[in-house]
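A.B. asks: Now for the letters of each chain:
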Amino acid sequence: MMIRVKLIANYREALPPEAKNGVVELDVPNGTTVYDAISRFDIPLDDTSVIVLNGLTVDMNTPLVEGDMVTAFSAIAGG
Amino acid sequence: MYGWHLKLLRVNLTTKKITTEDVDPKIARDYLGGRGWAIHYLYKEMDPMADALSPENMLIFATGPLTATPAPTGNRYMVITKSPLTGALAHSNSGGEFPTWMKRTGFDMYIFEGKSPEPVYLFVNEDQIELRPAAHLWGKDTHETTDILKGETSQEARVACIGPAGENLALMAAIMNDKHRAAARSGVGAVMGSKNLKAVVAMGNKNPALHNPEGMRNLSVSTSKEVGVDVKKGSNMRIYGTSYVPQVTNTLGILPTRNFLQGTFEHVDKIDGDALKNQYLIRHTPCYRCPLSCGRLTEVPDGPYKGKGEGPEYETISSLGTGCGVSNLAALVKANYLCNEYGMDTITTGMTIAAAMEMYEKGYISEEIIGMPLKFGDHDAMIAMIKLMAYNEGFGKELAQGSYRLAEKYGHPEIAVTTRKQEFPGYDPRGSQGMGLLYATSNKGASHMEGDVAYEEVFGVPVKENPLTTEGKPELVRHFENSFALMDSSGLCVFVAIRYAFNKDRMILPLRVTEMMNLTTGANYTPEEVMIAADRVYTLERMFLMKAGSTEDTLPHRMLHEPLPDGPAKGMVVELDKMLPEFYKLRGWDEKGVPTKEKLIELGLPV
Numbered sequence: 001m002m003i004r005v006k007l008i009a010n011y012r013e014a015l016p017p018e019a020k021n022g023v024v025e026l027d028v029p030n031g032t033t034v035y036d037a038i039s040r041f042d043i044p045l046d047d048t049s050v051i052v053l054n055g056l057t058v059d060m061n062t063p064l065v066e067g068d069m070v071t072a073f074s075a076i077a078g079g
Numbered sequence: 001m002y003g004w005h006l007k008l009l010r011v012n013l014t015t016k017k018i019t020t021e022d023v024d025p026k027i028a029r030d031y032l033g034g035r036g037w038a039i040h041y042l043y044k045e046m047d048p049m050a051d052a053l054s055p056e057n058m059l060i061f062a063t064g065p066l067t068a069t070p071a072p073t074g075n076r077y078m079v080i081t082k083s084p085l086t087g088a089l090a091h092s093n094s095g096g097e098f099p100t101w102m103k104r105t106g107f108d109m110y111i112f113e114g115k116s117p118e119p120v121y122l123f124v125n126e127d128q129i130e131l132r133p134a135a136h137l138w139g140k141d142t143h144e145t146t147d148i149l150k151g152e153t154s155q156e157a158r159v160a161c162i163g164p165a166g167e168n169l170a171l172m173a174a175i176m177n178d179k180h181r182a183a184a185r186s187g188v189g190a191v192m193g194s195k196n197l198k199a200v201v202a203m204g205n206k207n208p209a210l211h212n213p214e215g216m217r218n219l220s221v222s223t224s225k226e227v228g229v230d231v232k233k234g235s236n237m238r239i240y241g242t243s244y245v246p247q248v249t250n251t252l253g254i255l256p257t258r259n260f261l262q263g264t265f266e267h268v269d270k271i272d273g274d275a276l277k278n279q280y281l282i283r284h285t286p287c288y289r290c291p292l293s294c295g296r297l298t299e300v301p302d303g304p305y306k307g308k309g310e311g312p313e314y315e316t317i318s319s320l321g322t323g324c325g326v327s328n329l330a331a332l333v334k335a336n337y338l339c340n341e342y343g344m345d346t347i348t349t350g351m352t353i354a355a356a357m358e359m360y361e362k363g364y365i366s367e368e369i370i371g372m373p374l375k376f377g378d379h380d381a382m383i384a385m386i387k388l389m390a391y392n393e394g395f396g397k398e399l400a401q402g403s404y405r406l407a408e409k410y411g412h413p414e415i416a417v418t419t420r421k422q423e424f425p426g427y428d429p430r431g432s433q434g435m436g437l438l439y440a441t442s443n444k445g446a447s448h449m450e451g452d453v454a455y456e457e458v459f460g461v462p463v464k465e466n467p468l469t470t471e472g473k474p475e476l477v478r479h480f481e482n483s484f485a486l487m488d489s490s491g492l493c494v495f496v497a498i499r500y501a502f503n504k505d506r507m508i509l510p511l512r513v514t515e516m517m518n519l520t521t522g523a524n525y526t527p528e529e530v531m532i533a534a535d536r537v538y539t540l541e542r543m544f545l546m547k548a549g550s551t552e553d554t555l556p557h558r559m560l561h562e563p564l565p566d567g568p569a570k571g572m573v574v575e576l577d578k579m580l581p582e583f584y585k586l587r588g589w590d591e592k593g594v595p596t597k598e599k600l601i602e603l604g605l606p607v
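As given, the protein sequences belong to chains A and B, one line each in that order. According to my numbering, the residues represented by the first sequence are 1 to 79, in order. According to my numbering, the residues represented by the second sequence are 1 to 607, in order.
Here chain A stands alone, though its shape is the one from the complex:
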């Protein structure tokens, strides 16, 4: 199934060249979770990381469905 991953700001360095505006499309097997999808990228998943599914706060073990968008960014302060 096809999903999309969007990385924001400094995380974008981990994206492959075909990414556009920070978004890359991925073909992943059924059962792939939010965590599985984001783990494909070389970004430090630590206490500064925020990962959302379709903009919503979810458990990292949530299984993805066709068309989902997983977004990740790092924050140490707000705006």
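The hints are simulated quantities; they were obtained by calculation from the structure and are not laboratory data.
Covered stretches of chain A (chain B as the covering partner; in silico rule of three or more C-beta atoms under 8 Å from a C-beta of chain B):
(1) 1-15
(2) 49-63
(3) 67-79
Label pairs and their computed distance ranges (CB to CB):
(4) Asp-47/A x Gln-155/B: 41 to 49 Å
(5) Asp-47/A x Ala-135/B: 51 to 59 Å
(6) Asp-47/A x Ala-209/B: 33 to 41 Å
(7) Glu-66/A x Glu-368/B: 47 to 55 Å
(8) Arg-4/A x Thr-596/B: 51 to 59 Å
(9) Asn-524/B x Pro-63/A: 52 to 60 Å
(10) Pro-63/A x Asp-505/B: 27 to 35 Å
(11) His-136/B x Glu-18/A: 54 to 62 Å
(12) Glu-66/A x Glu-144/B: 57 to 65 Å
(13) Ser-222/B x Glu-18/A: 42 to 50 Å
(14) Ser-222/B x Val-58/A: 29 to 37 Å
With a Cα cut of at most 30 Å, we get these calculated DSSO-like pairs of lysine-lysine:
(15) Lys-504/B x Lys-6/A
(16) Lys-20/A x Lys-233/B
(17) Lys-16/B x Lys-206/B
(18) Lys-270/B x Lys-6/A
(19) Lys-206/B x Lys-225/B
(20) Lys-277/B x Lys-20/A
(21) Lys-547/B x Lys-17/B
(22) Lys-6/A x Lys-464/B
(23) Lys-7/B x Lys-206/B
(24) Lys-20/A x Lys-464/B
(25) Lys-6/A x Lys-277/B
(26) Lys-20/A x Lys-270/B
(27) Lys-179/B x Lys-277/B
(28) Lys-375/B x Lys-270/B
(29) Lys-504/B x Lys-233/B
(30) Lys-270/B x Lys-308/B
(31) Lys-570/B x Lys-6/A
(32) Lys-375/B x Lys-277/B
(33) Lys-277/B x Lys-387/B
(34) Lys-387/B x Lys-306/B
(35) Lys-306/B x Lys-397/B
(36) Lys-277/B x Lys-306/B
(37) Lys-6/A x Lys-233/B
(38) Lys-17/B x Lys-115/B
(39) Lys-6/A x Lys-232/B
(40) Lys-115/B x Lys-179/B
If you're wondering where the values come from, they're calculated on a predicted model, not measured in any experiment. Just so you know, even glycine gets a beta-carbon here, dropped at the ideal spot from N, CA and C.
Model the placement of chain B on the given structure of chain A, informed by the hints.
C.D. replies: Chain B only, in chain A's frame:
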């Protein structure tokens, strides 16, 4: 006593009398400093019903005990006064260098009273304290004013001043310091302008004595190192400042777009942090003693929007940018420069223009009245409006009163997205419920800086909170309001303090802030005591608000009755009724939001 000088400077602009006063050490301890001290004096000495632009209003500049100490980001000051925009309390925070220089004059706080018959500026170099003529500066922008004043005093001095917007009493006028930093919100610059006070120039070598200098140095170094580790990993704040945030709020569907008609902006990629970095960023420009360094010098090198300055930051991108539907980055950057030069709050400026754009598009205000078409996305019209507002000309006269008065005048108050007549910052509360409660109850009108629970709802700092739910939010909002009152009173910057000077629980505790306060002042606070002091500050501010007559805690029509049409929060409004009663109860306020007698007694406040 250490940390605090325990001295304030009182300047009567009417009589030109300048006096110095000692601050009672018990008051110092009980009200922490900065914002806390200021509300103590304001509440004691001023009639809250006074006209904000009259000589009866007091204008207070206040540093905290950690200002001008080795504490990382101990570089802040607060401007406290009655707001002409809201009729409520104003307390606006700024960093840069001026606050540290101000504290080094040997005074923690400057109080301005009355009104000078002619333009003046205050020069303070320790014991040399003079009101000087400023007629030659009247009409100059904040950059020219700063350069002239440093030229005629000393290059070692630092300047806080108003621009044309403050002189012309625009209700969104800011007080700018070090050219690019702003005590921006609630029209504090208009109060300064109403007093004919063009600028304050500060210099000196009176660093506050520290109770435990070695301990404070060690703690400051270790804290800076922690920040440094995150910066080295590639912190967004060093590279992007807050300009990385539009992508975040757009993802969550809470990016104010076209006057909050939408929560996502289809052109966000054109005006986000990467666009800014790739096109106009020159280098980062830290405030004094800041290991984070989120300020950034930028330049539009050529074309119609040619200019150089700092920013824009997120709140500017979400108001003058997405708020107005503007996707031309060069124009947005230029608009930010102009606001800094004219001395204007970009949030209220941008969201007032955004409200006017919506009213124009709906046919509520004609092209004839405005003087030109004013459609969403028209960046040239936006820039034209900023100039008219700063100089109080044409349609700018109406815009300079803010969106609430504008919308009301033309019979459509539902268009204004304000609380206490102050425009919302860049988080649509329909998709961040805690922010909704915050905006509704804030003593200063809508403001993220009153207790920014977006740290948890949006940024996961220190822990991620679901922004769409109301459960637990009253407790969180109350706690963040008090925590922000503490930070604003201490002299620390929120950006570093929340992650590095509090612990990392959901209910952040000021463990390291307390340690820094103790090493600096010797006051021997417990973390519980500083939080009680912060509650005292917040509650006294509430009492000022009650006496100023602005008592209703509510939200504008759009937030309560018009569901978000797009994004992850589609269909949602703010469920204020679910949160407000619990919030009042937790605060010790009655069902109308008035602090109870028991609460006032508990906090040692006047009944």
